[in-house]
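> Sequence:
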Amino acid sequence: MMLKLYPKNNSPQDLQKIVDVLNNGGIIIYPTDTMYALGCHALKERAIEKICNIKNIDPRKHLLSIVCANLSMVADYAKLGNTNFKLLKKNLPGPFTFILPASSRLPKIFKNRKEVGIRMPDSNIVCEITTLLDAPMMTATLPYDPDDDIEYVTTPELIDERFGTEADLIIDGGIGGDEPSTIVNCIDNEPEIIRQGKGWLDY
Numbered sequence: 001m002m003l004k005l006y007p008k009n010n011s012p013q014d015l016q017k018i019v020d021v022l023n024n025g026g027i028i029i030y031p032t033d034t035m036y037a038l039g040c041h042a043l044k045e046r047a048i049e050k051i052c053n054i055k056n057i058d059p060r061k062h063l064l065s066i067v068c069a070n071l072s073m074v075a076d077y078a079k080l081g082n083t084n085f086k087l088l089k090k091n092l093p094g095p096f097t098f099i100l101p102a103s104s105r106l107p108k109i110f111k112n113r114k115e116v117g118i119r120m121p122d123s124n125i126v127c128e129i130t131t132l133l134d135a136p137m138m139t140a141t142l143p144y145d146p147d148d149d150i151e152y153v154t155t156p157e158l159i160d161e162r163f164g165t166e167a168d169l170i171i172d173g174g175i176g177g178d179e180p181s182t183i184v185n186c187i188d189n190e191p192e193i194i195r196q197g198k199g200w201l202d203y
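In our numbering, the protein residues as written are 1 to 203.
Since the hints were derived computationally from the structure, they do not count as laboratory data. None of these values were measured; they are calculated from a predicted model. Glycine included, C-beta positions come from ideal geometry on N, C-alpha and C. Please note: incorrect hints may appear among the correct ones.
[Unchecked claim] Lysine to aspartate or glutamate pairs mimicking DMTMM-like chemistry, simulated, CA-CA at most 25 Å apart:
1. K8 with D134
2. K44 with D168
3. K61 with E45
[As the list claims (entries may be wrong)] If you anchor each label on the Cβ, the simulated ranges turn out as follows:
4. R162 with S72: 35 to 41 Å
5. G81 with L132: 28 to 34 Å
6. M1 with G81: 40 to 46 Å
7. D188 with L71: 18 to 24 Å
8. D149 with G81: 39 to 45 Å
9. D145 with Q16: 31 to 37 Å
10. G25 with N82: 22 to 28 Å
Produce the entire structure from the sequences given, and follow the hints as far as they go.
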């Protein structure tokens, strides 16, 4: 199923449809401020396992990331000291993934690494979904082979053609970006840029 959403004035019924899919353990494909991504309810382990299978990643070795609606939600699911709180407040919402110690509220699948990636995209669509869900979404960018046509991860119709059988719902938010988020490791309170992507960190 494909659903068209806009930066503003989306119908409450459409947003509720998305939240119902997530609450029922479904997988969505949605636009962020960087690239289109796979998403599911971050407290539903079966759904997380489905995304790991689609991405062909081992959750015991691979960092898992969640999308939060606001910093208050971040503080519920990650350990956030004063220094990191100020850093996140200065840079979010924005195209960053901040690596922080995971809190005990996340499912066991996250605890293998004891760390969690935190995303808060600068996207009203994402903010509306996570606010209504009242829980974080586990997120992972669509699998992409550099030999492939980039349009298969940026154009909703082609995303549907390639990944339609993997997802329960695809959100058409227009043409997506092709640059990933900037990953910042904040485990030791000294921010270290692991991957420079779309976001430029403001210290």
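> Each of the hints needs a verdict: does it hold here or not?
Hint by hint, here is what the structure shows:
no.	hint	in the structure
1	K8 with D134	19 Å, holds
2	K44 with D168	15 Å, holds
3	K61 with E45	16 Å, holds
4	R162 with S72: 35 to 41 Å	36 Å, holds
5	G81 with L132: 28 to 34 Å	29 Å, holds
6	M1 with G81: 40 to 46 Å	42 Å, holds
7	D188 with L71: 18 to 24 Å	20 Å, holds
8	D149 with G81: 39 to 45 Å	43 Å, holds
9	D145 with Q16: 31 to 37 Å	35 Å, holds
10	G25 with N82: 22 to 28 Å	36 Å, violated
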